[in-house]
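Taken in order, these protein sequences are the chains called A and B.
Sequential numbering of the first sequence, starting at 1, is according to this note's numbering.
Sequential numbering of the second sequence, starting at 1001, is according to this note's numbering.
In short, the hints are calculated from the structure, not lab data.
Some clues are possibly wrong.
[What the hints assert, rightly or not] With a straight-line Cα cutoff of 16 Å, these simulated EDC-like cross-link-like pairs (lysine to aspartate or glutamate) come out:
id, chain 1, residue 1, chain 2, residue 2
1, A, LYS80, B, GLU1082
2, A, LYS80, B, GLU1039
3, A, LYS31, B, GLU1039
[As the list claims (entries may be wrong)] Looking from chain A toward chain B, a few residues come up when the C-beta cut is under 8 Å (computed):
id, residue
4, VAL6
5, ARG17
6, GLU19
7, ASP43
8, TYR47
9, SER81
10, VAL84
Glycine is no exception: its CB is placed at the ideal position from the N, C-alpha and C atoms.
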Amino acid sequence: MVLLLVLISELTLNDQRMELEREAEAIDLLKSFEFTSYNLLFDLCSYLKAHANFTSLEEASQGIPQLLEQWCLQINNDAKSREVKSPVVRVESVFVEGYSGQQVDRHQMRFAGETGDGEWLVTGNLYVEFWGKGVLFRANYTIRLAI
Amino acid sequence: MAARGQASLIDALGALLLAIALLSVALLARADFEVELDEIAERERLRLEFYQLIASGNMTQLLDLCANQGSLDIGDIRLSLEEPDQGPYVPLLSSREGGIILFYITRKG
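With the hints as extra help, turn the sequences into a complete structure.
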């Protein structure tokens, strides 16, 4: 009888613990996806800031979309990115214009390392997707960055 | 051959020992779960502290410095190019010339 009672209470406790464990793992996974998606946005901003050295709007209008394409290829194909939840990224609706004080995203400017000498305003959308434990996680950011 | 009373006593003792063994296993599993919860909480603390660092505006320079010297301590956290052997950590991706670098954010010390 004692053994039966212990077995029942043990099974109940085990069920509760496993449920809590699953919830904790799900929260951790969600938080890691969120962090990695911000990490990617931050990386895109820094990458553009470091590589977009163009002298005319025509050059910038052609070169910046190419840079973004290279960045996406690098993230999607490099084996190391698979260690951070295998993200798949794409950038769409990219538009480049001369910067003359238009509204920008302050967070993205800080990510890029704001220097106050932005010449080109880049707008577009960054889409990030991850697959993890059978769940698709999606994030979408509007890029509004002066570089 | 054991007397009838002795047999009951042996059965009860056996049940008690089994119950103690089951409870011990349950307690050990609970301890593992608590360690795992602590690690999850620590990873989230590391992420939050790193968000604050990003907001400081000089993250690019800090990552460049860490890439050059292998590791960098900033406040209570450590950025490192080597994957830590133990303790919770958060990976951070950075696009560089020639590919992607992974940094690892851990607690200093």
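Checking hints one by one. Is A:ARG17 an interface residue toward chain B, by the C-beta closer than 8 Å rule?
holds, 6 Å
Against chain B, is A:SER81 within 8 Å by beta-carbon distance?
holds, 6 Å
Given the proposed pairing of A:LYS31 with B:GLU1039, does the C-alpha separation stay at or below 16 Å?
With a Cα-Cα distance of about 13 Å, the restraint between A:LYS31 and B:GLU1039 holds, given a limit of 16 Å.
16 Å limit on alpha-carbon distance, applied to hinted pair A:LYS80 and B:GLU1082:
Holds, at about 13 Å.
Hint check: 8 Å Cβ-Cβ cutoff, A:VAL84 to chain B:
Given a least distance of 5 Å, the restraint on A:VAL84 holds.
Just to be careful: measuring from the Cβ of A:ASP43 to every Cβ in chain B, is the smallest value less than 8 Å?
With a minimum Cβ separation of about 5 Å from chain B (threshold 8 Å), the hint on A:ASP43 holds.
Holds or violated: A:GLU19 as interface residue toward chain B, Cβ cutoff 8 Å?
With a closest approach of 11 Å, the A:GLU19 hint is violated.
For the hint on A:TYR47, does the least C-beta distance to chain B fall short of 8 Å?
holds, 5 Å
Holds or violated: A:LYS80 and B:GLU1039, Cα atoms, limit 16 Å.
violated, 23 Å
When the least beta-carbon distance from A:VAL6 to chain B is tested against 8 Å, hint result:
Check passed: Cβ of A:VAL6 comes within 4 Å of chain B, closer than 8 Å.
Checked against the numbered hints given earlier, this structure breaks hints 2, 6; the rest are met.
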